[in-house]
Amino acid sequence: MFTRGTLIYMGQRIVMIGFTVLAVSSIVFLLIHRLPGDALFNEKLHGQAYKELLHHYGLDQPLYLQYWNFVVGVVTRGDLGESLVNRGLKITPLVLRETGISAQVGGFALIFTIGLGIVLGVFAAVRQNTWLDYLLTTTSVIGYSMPNFVIAAFLILIFGVWLQNQTGGTFYYQLGGWKGGIGQLWLPAFALGFPYASIVARLTRASMLEVIRQDYIRTARAKGLRESVILIRHALRNALIPVITILGPLVIGIITGSVVIENFFGIPGLGKEFAQSILNRDYAIVIGVFTMYAALVGLANLLVDLAYVVIDPRIRY
Amino acid sequence: MATAAAVLAQPIEPEQASLWSDAWRRLRRNRFALISSVYLAFLVGVALLALVWTPYRMSAIGLAQIYSGPSAAHLLGADELGRDILSRLMVGAQVSLVVGVGTQLLVLAVGVPLGLIAGYYKGVVDTVLTFIINVFYGIPDVLLAMILVFILGPSLTNIIIAIVATRWMDMARLARGQALTLREREFVEAGRAAGARPGKMLFGHILPNALGPIIVQATLGIPAAILFEAFLSFLGVGVQPPTPSWGSMANEGVQAIQYAPHMVIAPSIALSVTLMAFNFLGDGLRDALDPRSRR
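So the protein sequences, as listed, match chains A and B.
So in the numbering used here, spot 209 of the first sequence is number 311, and the numbers just go up one at a time.
So in the numbering used here, spot 8 of the second sequence is number 48, and the numbers just go up one at a time.
Bound-form chain A, shown alone (with noise of 0.2 Å):
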C-alpha cells in the first residue's frame, strides 16, 4: 500500500507541515506584538515590580529578539512559553493536554458525520426520487443551514431540559460539570458534526449515482452478487473518492465549529482555551494554541491525502 514514494511524499510533507507552522505563528506573533497594552499592564503594577515583570516575560527586549527567542523555544525545545495571566503555567503542556481532549470531541464528530453522511447518502442514491430522497436533499440544505450551536441547544433543550421534566429528574443530559466519557461526548459530537454529514450525505448522493450507473456494476448484478456486496464492496469504494476530497475542509470545518461547541458545553479543550484567552487578552496562550492548530490543520490534510491511497490503489505519490 504504502511504496517507497509515498514514504518520501510523507516525509516532505511533514517537513512543509513544519514551515507552515512556523510561518503562521510567526505571522501571529508580530501581528499580537504590535498591540498596543499588553497584558501585564492591566495589573497594579508599578515601578520596578513592572519592570521586573516585564523582564521576566522578555518583554523589556526590542521586538526581534522577543521574535528570535520565540523562534528558537518553538523549534528547539516545543516551548510555547508561558502564560501572561497566569504566571508560571507552562503553554506547551496544557496545549498538549487539551489537544487530547479536543481530539476526542472532534474524532467521535468526524466518524458520526462521515459515518451518518455516507448512510443517509447511499440510502438517498438508492432510493433516487422517491419521498426518502426528497426527504433527504431537503433536510441536508436544512443541515447546513443550522448553526452547531443552535443544533446544540435544540438537543440541550430536547435530551436535557425536556427529558429532565419528563423523566423527574433521573436519566436527562447534564449541562456542565464536564468529566468526559462517551455520555457526555456524543451529544457535542453530533451538534459539532450534523451540518457536516448533510453536505457529506450530499455528495456520496451524487456521485453514488454516477457509480451505480456504470458497467462493472451491471456486471456484477449480472454475477450474481448480493445487492449489499454490489452497493458496498464494489460501488461505494469508488463513490467515496470525491467525498475524500471534502474531508479535509470537513476537519478544518469541524476544528474552528469546535471553538463553540467547546464553550457551549463547557468542555475544557483547545477551542475554550482559544476562545478565554481572547477575552482574557492572554496573548500568549492565544499564538500557541494558535500554532497547535495550525499543525492539526497541516496534520490533518496530510492524513486525507493518505486516505486516498487506502482507497484508491491506483492513486500514488
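All clues given are correct.
If you anchor each label on the Cβ, the simulated ranges turn out as follows: (1) B:Ile75 to A:Gly113: 49 to 55 Å; (2) A:Leu405 to B:Leu145: 33 to 39 Å; (3) A:Leu165 to B:Leu74: 53 to 59 Å.
Reference excerpt, derived from the structure (chain A facing chain B, CB under 7 Å, subset only): (4) Val243; (5) Ser247; (6) Phe251; (7) Val252; (8) Leu259; (9) Ile357; (10) Asn365; (11) Tyr395; (12) Val399.
Don't read these hints as lab results, they were simulated from the structure.
All C-beta atoms, glycine included, are put in the ideal place defined by N, C-alpha and C.
Assemble chain B onto chain A, guided by the hints.
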C-alpha cells in the same frame, strides 16, 4: 383558407430570451427559492423598520419581569435584563444583513479583480495569487477572524474586515477559474485582435460572461458571513453590547436554557431560517443561471 392566410400574414417575431430573462423564468418556477426571496424581502423590511421603529427601545432594561416568557405586551418575552426580545431581534436583523451583504460587497471588490487579473495574465501574478490562496485555505478561518477582531478591536466595520480577510479566496479562485477558461475563447481573441485595451477586455468582455457563477457565489457567501458573525458574537468577541446580535442573544439564552428557553429559541430560529433562505436562494440561482448543473 382565409384564416390561415391571416395567421401567416402576421410577421413571425421570435421571442427574445436573454440569459437573464431565461434565468428569471427558471428561478420563478423554483418554489423554495421563491419562498426564500419573499422571506428575505420581509427580513429587509423588518431591518429597515427597526431603523425608525421597534416595539420598545432595544437597550431599555427592566421593561418586563426578567426571564418572563412571551406575553401580549412582549410577544417574544424578555431577557435576563428585562429587555424586549422582539425589539432586539429586529435590530439584530440589521446587524446580520449589514454583515452579510457588506462582507460580500467587499469580497466582490477584492476577489473579482484579483482573480480576473491572475487568470487572464497567468504567469507570475497567477502563481503568487494561487500560493497566497492556498496558504489562506490552510488556516482555520473562524480562528483567524477571531484573532483579527482581537487585534483590530470589536466594531461592526472591523468584524466585516476580519470576515473579508478570511473569505475573499473563494471569490478570487472562482473569478480566476472563469478568466482562465474565457481567455481562450474566440471572442476574447477577436477583442484582442481588434485592439481592445486590457481594462476593457477584463471588465467589458470577460467579467460579463463570468457574472453568473459570481452572483451565485456571492449569494451563497452571504449566509457564510452571517454565520461567521454569529459565531464571533456567540463567543463574545463579536458585536459589543448593548447592540444585539443573534449570536450574542443565543449565547445569553444558553446561559438561561433551563428556565427561560424562549431566550435561545427566538434568535436560533431567526438565524437558521435566514441562513436557510439564503442557501435556498443561492441554490435556486445556481440552477437558474446554469441549467446544465441541474441535479
